[in-house]
Amino acid sequence: MSSMISDMDLATTQLILPELLMLGGILTMILVPNFGNATMRIPLTSIRIPVLFGGTRFATTNNPKLPNQIATTTLALAFMTSLLFLSEEGEVGNSLYVNEFSRIFTLVFTTALLLASLATTARLPARPTASAPLDTDSIANSDAKVNALIDNRRQVDFHILLLTTGLGMSLMAMATNLFMLFVCLELASLSSYILVAFHKETDVGGEAGTKYFIVGSVVSAIGIYGMSLLYLWNGSLDMTDLAASWDAMEGMDPLATIGVGLMLVAFGFKVGAAPFHLAVPDAYAGASSPVAGVLATASKAMGFVALMRLLLVVTMPSTGQAFWFLTLAIVAVVTMTWGNLAALTSDNPKRILAYSSVAHAGYILAALAAIGSGLADSDMSTLIVTAVVFHLVVLVLFKLGAFLILSMLEAEGKGHKMEDLHGLGRRDPVIAASMFVFMLSLAGVPPLSGFLSKLLMINGIVNVSAGTSSASAATALSWAQGVDPVFWLAVAIVLNSALSLFYYLRIGLVMFFESPVTDNPLKRSSSLRMAIIACAMLTLLFGIGPLSNSLLDMVGSAVDSFMGS
Amino acid sequence: MGGERLIDDPLSVITLVPLAMGLILMILPRVLPNSSAEGLIRVSRNISMGVALAIATITTMLFLGQVGSIDWTNITQGGYVLQNEAVDLIPAIGVTWKVGADALSFPMIWLTAILIPISMLVEWDAKRGHLFFPLLLVMEGALLGVFVVLDLFVFYVFWELTLIPMFLLILLWGGEDRRYAAMKFFIYTFTASVFMLIGILVMYFHTEAIAGLGSLSGHHFDLVAMTAQENLIPSEGLRHFVWLLLLIGFATKMPSVPVHTWLPDAHVQAPTAGSMLLAGVMLKMGAYGFLRISVTVFPESTIEFVPLLIFLGMVSLVYGAWVCMGQTNLKRMVAYSSVSHMGLIFLGIATMQPLGFAGALFMMFAHGIISPLLFAVAGAFKHHYHTLEIGSMRGIAHHSPWLAAHMMLGWMASLGLPLLAGFVAEIAILIAFWMTYGWLVLLPALTLIVTAVYYLNSMQRTIFESNDPEQGILPETLHGEDPSDLTWHENAGMMTLAAMTALFGIMPFIFWDMMSNWSSGFVIDTMIEAMQTQEWSP
Chain A
1 MSSMISDMDL ATTQLILPEL LMLGGILTMI LVPNFGNATM RIPLTSIRIP VLFGGTRFAT
61 TNNPKLPNQI ATTTLALAFM TSLLFLSEEG EVGNSLYVNE FSRIFTLVFT TALLLASLAT
121 TARLPARPTA SAPLDTDSIA NSDAKVNALI DNRRQVDFHI LLLTTGLGMS LMAMATNLFM
181 LFVCLELASL SSYILVAFHK ETDVGGEAGT KYFIVGSVVS AIGIYGMSLL YLWNGSLDMT
241 DLAASWDAME GMDPLATIGV GLMLVAFGFK VGAAPFHLAV PDAYAGASSP VAGVLATASK
301 AMGFVALMRL LLVVTMPSTG QAFWFLTLAI VAVVTMTWGN LAALTSDNPK RILAYSSVAH
361 AGYILAALAA IGSGLADSDM STLIVTAVVF HLVVLVLFKL GAFLILSMLE AEGKGHKMED
421 LHGLGRRDPV IAASMFVFML SLAGVPPLSG FLSKLLMING IVNVSAGTSS ASAATALSWA
481 QGVDPVFWLA VAIVLNSALS LFYYLRIGLV MFFESPVTDN PLKRSSSLRM AIIACAMLTL
541 LFGIGPLSNS LLDMVGSAVD SFMGS
Chain B
1001 MGGERLIDDP LSVITLVPLA MGLILMILPR VLPNSSAEGL IRVSRNISMG VALAIATITT
1061 MLFLGQVGSI DWTNITQGGY VLQNEAVDLI PAIGVTWKVG ADALSFPMIW LTAILIPISM
1121 LVEWDAKRGH LFFPLLLVME GALLGVFVVL DLFVFYVFWE LTLIPMFLLI LLWGGEDRRY
1181 AAMKFFIYTF TASVFMLIGI LVMYFHTEAI AGLGSLSGHH FDLVAMTAQE NLIPSEGLRH
1241 FVWLLLLIGF ATKMPSVPVH TWLPDAHVQA PTAGSMLLAG VMLKMGAYGF LRISVTVFPE
1301 STIEFVPLLI FLGMVSLVYG AWVCMGQTNL KRMVAYSSVS HMGLIFLGIA TMQPLGFAGA
1361 LFMMFAHGII SPLLFAVAGA FKHHYHTLEI GSMRGIAHHS PWLAAHMMLG WMASLGLPLL
1421 AGFVAEIAIL IAFWMTYGWL VLLPALTLIV TAVYYLNSMQ RTIFESNDPE QGILPETLHG
1481 EDPSDLTWHE NAGMMTLAAM TALFGIMPFI FWDMMSNWSS GFVIDTMIEA MQTQEWSP
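Chains as they are written, first to last, in my numbering: chain A, 1 to 565; chain B, 1001 to 1538.
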C-alpha cells in the first residue's frame, strides 16, 4: 500500500484527484464526527493531553449538519477539480484510463450526487446535540443518549454511502478492463441498494431496497457469469484485447456471444431497459426522492457507460451490422413504449418519473442501435454518441430537478400521490414554474435542452437511414415501405414523445388547475430552492444559446477521445 | 450607438425589448427590497404602456419611411426587408436568429404593435396591474417574434411562447369557467403544434448543409434557404404528408372547423385585453404560418389540396355564420363570427389569384382591427351591464350612447359595410373566387347575408328596441341600478380602433398596394410554376 502511494507521481495524482478527494471525504466522514474531548493522562504525571477520540463530542463534530457539509464540499471540490483537469489524459495503473470521456461522466456523477446531497441537508431528522453516556447515568438516560448518537450517525452513514457511490461510479467510467469495470459498478450498486433502503420514514423504503438488492444481485451474478465465459474465451478481460479478438473472430463464437449477451442483461438492468426494468419503479417509489433522482440520472449514466464500452468498443465490427443490432432495436422500442404506457396509467409522481426514466433509456438504446445497424460511418457514429452523452449530461438537470421538487413535498410527508402536486402553482409559483420547465424538457419541447438532445439523437438515426428510400415515391406509404428499418426507430421516438406529452403535461397542469389540499407555503430550504432554480435555468440555457454550444463542444471532444481509443 | 443599432436591426429590438421589459417588470418586484418594490409596482403600468407606445411609434415610423426608408410597395416574394445578420443560436443543429419582414408579415407586425397599447388602454384599471401589463408586454414580444423570425426553430419557440401569457391571462383574469377554458385552449393548440413540429422536423431533415454554418447535424432551420432549396422534399407522398401535418397546426390556431371548439370557450372566459389580442393577432398566426411555410415552401401540395382548402373554408364560413344565429352570448357570437371570417382566408388562398391572396392578406389585417373593437365592446358591455346575454336588455342607445355607437360601427364593419375595412377584403376575395370558380361564389356571397341577419338581429334587440322609450329594459344583473356609459379609457381605445376601421375602409391602398404587389409577385413566381407541374385547373 505504502509503496503504491509512493509510486504515484504528481501527474497521476492530478489524473485521479477527484476520486482521491472523494476517498478523502469518506475518511474525513468516518473520523471527524467521532472527535470528542477525551483526554489521556500521561502516566505518572498529572498532564492530560487530548486524544480527540471518545468523550463528549464537540459542538461542531456533533452537529447533525456536519456530514452533509462534508459530503457537499467534497463533491463540489471533486466537481471543480474534474472540470479543471478536464483535458488531462493518461493511464493509472493498468486498468484505468483517464480521458475527457471519463471526466465528463465524473462531472455528471458528482453533479447528481451534489444535488442529492443539497436536497438532504434538511431531510434526515437528528437531534442538535448528543453526548456519550456516562457510567453514572441511569439506564433510561443512557439509552436516550445512545439513541441520540445513533440518530446523528444516520447522517454519517447516508453521506458516506453517497460518496462511495460517487467513487465507484467515477472509477467505473475510467475502467478499461471488464473486471475492474464490474468491481467499480458493484461498489456503486451496493451503496445504492442501501441508499434505497435508507428511507425508513415510509413503510415501502425497506421493501424497495430489499427488492432492488435481490434483483440487482441476481442480475450481477448473471453478468459476472457472462464475464467469466468471456474470460474463458479470450484469456484476458482487457477491453483492447477483447476487441482485437472479437475482430479476429471468424463467424460467431457461441461462448463469446453468450458471454456478451449475459453481460448485456446486467447492464440492461442498470439502465432500466425492458424487460429488466420491473424493479425500477418500486425502487424509485420507495427511495427518498434525492436518491431516486440519483438512480435515474447518475446510476443510469453509469449503466450506459458500461453498455457503450461493451457494445461500441468491444463488440462493434469495423464494417457491417453488429450481432446485437436487432435485439437492441427491439428492446429499445419495447422499453420506450412500455415505459410511456405504464407512466400514463400511474398516479404516483415518483412512479411516473421512474417510468419516464425507463422511456428515456429506450430512446438512448434506439440511438445506440442505429450505430449497430452498420449503416453509420464513423462521423455519424460520433455524432450519435455525442447526442447520447449530451442527453445523459442534461438529464441530470431536469430529471433530478423534478425529483428535488418532489423531495420538497416529501419533507412535508407527501409526494407519493398526484394530489400532492395539486395547486403547487398557488403555493409556490417559482417552484411550480420550474417543475413545468422540467416536464416540458423531459417531453422534449423546444427550446429546452431535452429537445436539443432528443433532436440530435433522432437526427443521427434519420441521417443513418437517409437516402435508403426512393425519392420519387408517390405516397407517403410507399416511401415508408422503401426506407431502411432503422428509420422506424426515429418514428418510434417521435410517436413515443407525443404519447409522453400527456403525462408530462398532466403533472404540469394539475399544479396550476387543481385547488391545493393545503394552503401552507412549502417548507423553506433556501439551498434546495436555489439548486432547483439553477437546474431550471440551466435546462433552458443548455438548450439554446452560447452555453449549449460550449457544452456540446465539450461533449463532442470527450466523445472524440472515446471513439478514438 | 443606440440609434444606429435601432436602424440596423429594428425588428430584433421591437421583439426582444418588450419580452425583456415584461419579464423584468414581473420579476424585479419579487427580488427588490420592499420599499423599492412597491414603487416599481406603482409605475409598472406606466412603464409598460410607455414601452408599448414606443414600439408602436417605431413600427409606424418604419412604415412611413422615417427609419430605414424602405420602398414598401415593391417587396417581392423572398425579398425580405430589414433583415439582420444572422446570429448563431445553436450552431450544432443550425439554429440562427434571423429576422426580416415583407408584405405578408409587416401588416401583422404593425397590427400587433398598435393593438397592444390599445388593449392596455381598454383595460387600464385591470386588477393586479403590476402583473397584467407586463404580461401583455411579454405577449407582444412573443407575437412579434412569430411574425419577424425567419428560422423555423425560433418560429416554433415563439409560437409556443405566445401560449403561456395567453394561458395566464385566461387563467388569472378570466371569468367563472376560466380553468376549463384555459385548459382546453392550452391542450388544443399545444397538441396541434406538436403535429406542426413533426412537420417542421421532417423538413429539417431534408435540408442541405449551408457552408460556414458549422452545423453538427448537417441540417438547418433557415426558412429562406428552405424556400430556395429546389424540391425540398423530393418524395411527393412525403411532401403531402408534411403539408397536412403543418395544416393541422395552423388550422387549429386559425381556427377552422372542425378544430375550432376551443375558441368560443377561450373568448368567453378571457379578459377583454386577452380576447382582443386572441382574435386580433393570435388567430392570424395560423393564417400567417400557413402562407409563410405551407404555401411558400410547398406550392405543389397546396395546389393538390385546393379542394380541401375550399371545403374547410366553406364549412368554416357557413357553419360559423349559421351557429352565430343561435348564440345568445355576445362574446360567443363574435367568436363564431371570427371562425366564419377566417374561413374566407382559406377561400382567398384557394382562388390562386393575386387578387385572392391580396384579399386574404387584407382580411387578416382588417379582421385584426375589427374583431378587437367587437371584443372591446363586448368587454365594456360586460363591465357596465354585468352580463353578456344579448336578449337580456333593450335600448343600450338610450343608456350608453357611446357604447352603442361603437357597437354599431363594429358590427357594421364586421358584416362588410362598404367604406369600412372589412368590405375591401371580402369583396376582393369574392371577386377572385368568382374569377376562378364562377358561380360557386354564390355560397360564400349568400353566407354574408346570414352574417348580416345575425348582426342586424342582435342590433335590433340590444341597441334600439325598447318597450318603454324612456327606460328600455335593463338586465337583472344590474339589480335596478342605472348603467354607466364608457369610461374615458375604454372610449379612447375604441375610438382609435373605429378610426382605423374607417381609415382602412376609405383608404385601403395604404396597405393594399403593398399586399397586391407582393401577391402578384408570389403567384407569378411560385404558384404558376407549381400549377404547371400539377397541371392544375379549377
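In short, the hints are calculated from the structure, not lab data. Since we're looking at a predicted model, the values are computed, not measured. Treat the hints with caution; some may be incorrect.
So these bits of chain A aren't anywhere near chain B, every CB distance computed over 12 Å [stated by the list, open to error]: (1) G24; (2) I49; (3) R154; (4) N177; (5) N234; (6) L255; (7) L495; (8) E514.
Derived coverage of chain A by chain B (criterion: at least 3 residues anywhere in the stretch with Cβ under 8 Å from a Cβ of chain B; other residues may be distant) [to be verified]: (9) 334–345; (10) 445–453; (11) 545–559.
The beta carbon of each residue, even a glycine, is placed where N, CA and C say it ideally should be.
>> Does A/L255 clear chain B by more than 12 Å, comparing its Cβ with all Cβ atoms of that chain?
In response: Holds, because the least Cβ-Cβ distance between A/L255 and chain B comes to about 40 Å, which exceeds 12 Å.
> A/N234 clear of chain B by more than 12 Å, beta carbon to beta carbon?
Replying inline: About 36 Å separates A/N234 from the closest Cβ of chain B, which puts it past 12 Å; holds.
>> Please verify that the nearest CB of chain B lies beyond 12 Å from A/N177's CB.
In response: 32 Å, holds
>> At 12 Å, judged by beta carbons, does A/R154 keep clear of chain B as stated?
In response: 37 Å, holds
> Per the stated criterion, does the least C-beta distance between A/E514 and chain B lie above 12 Å, as a non-interface residue requires?
Replying inline: Contrary to the label, A/E514 does not stay out of reach of chain B, its closest Cβ about 9 Å off (not over 12 Å).
>> Between the region 545–559 of chain A and chain B, are there enough contacts, at least three residues with CB-CB distance under 8 Å, for the coverage claim to hold?
In response: It holds, with 5 qualifying residues against the three required.
> Quick check: the region 445–453 of chain A, covered by chain B? Criterion 3+ residues, Cβ under 8 Å.
Replying inline: It holds, with 4 qualifying residues against the three required.
>> Please check whether the beta-carbon of A/L495 is more than 12 Å away from every beta-carbon in chain B.
In response: 9 Å, violated
> Would you say A/I49 is clear of chain B, with no C-beta pair closer than or equal to 12 Å?
Replying inline: Answer for A/I49: holds, closest chain B Cβ roughly 52 Å.
>> Does A/G24 clear chain B by more than 12 Å, comparing its Cβ with all Cβ atoms of that chain?
In response: 38 Å, holds
>> Three residues or more, CB to CB closer than 8 Å: is that satisfied between the region 334–345 of chain A and chain B?
In response: Coverage by chain B is violated here, the residue count being 0 at a Cβ distance below 8 Å.
The earlier numbered hints that this structure contradicts are 7, 8 and 9.
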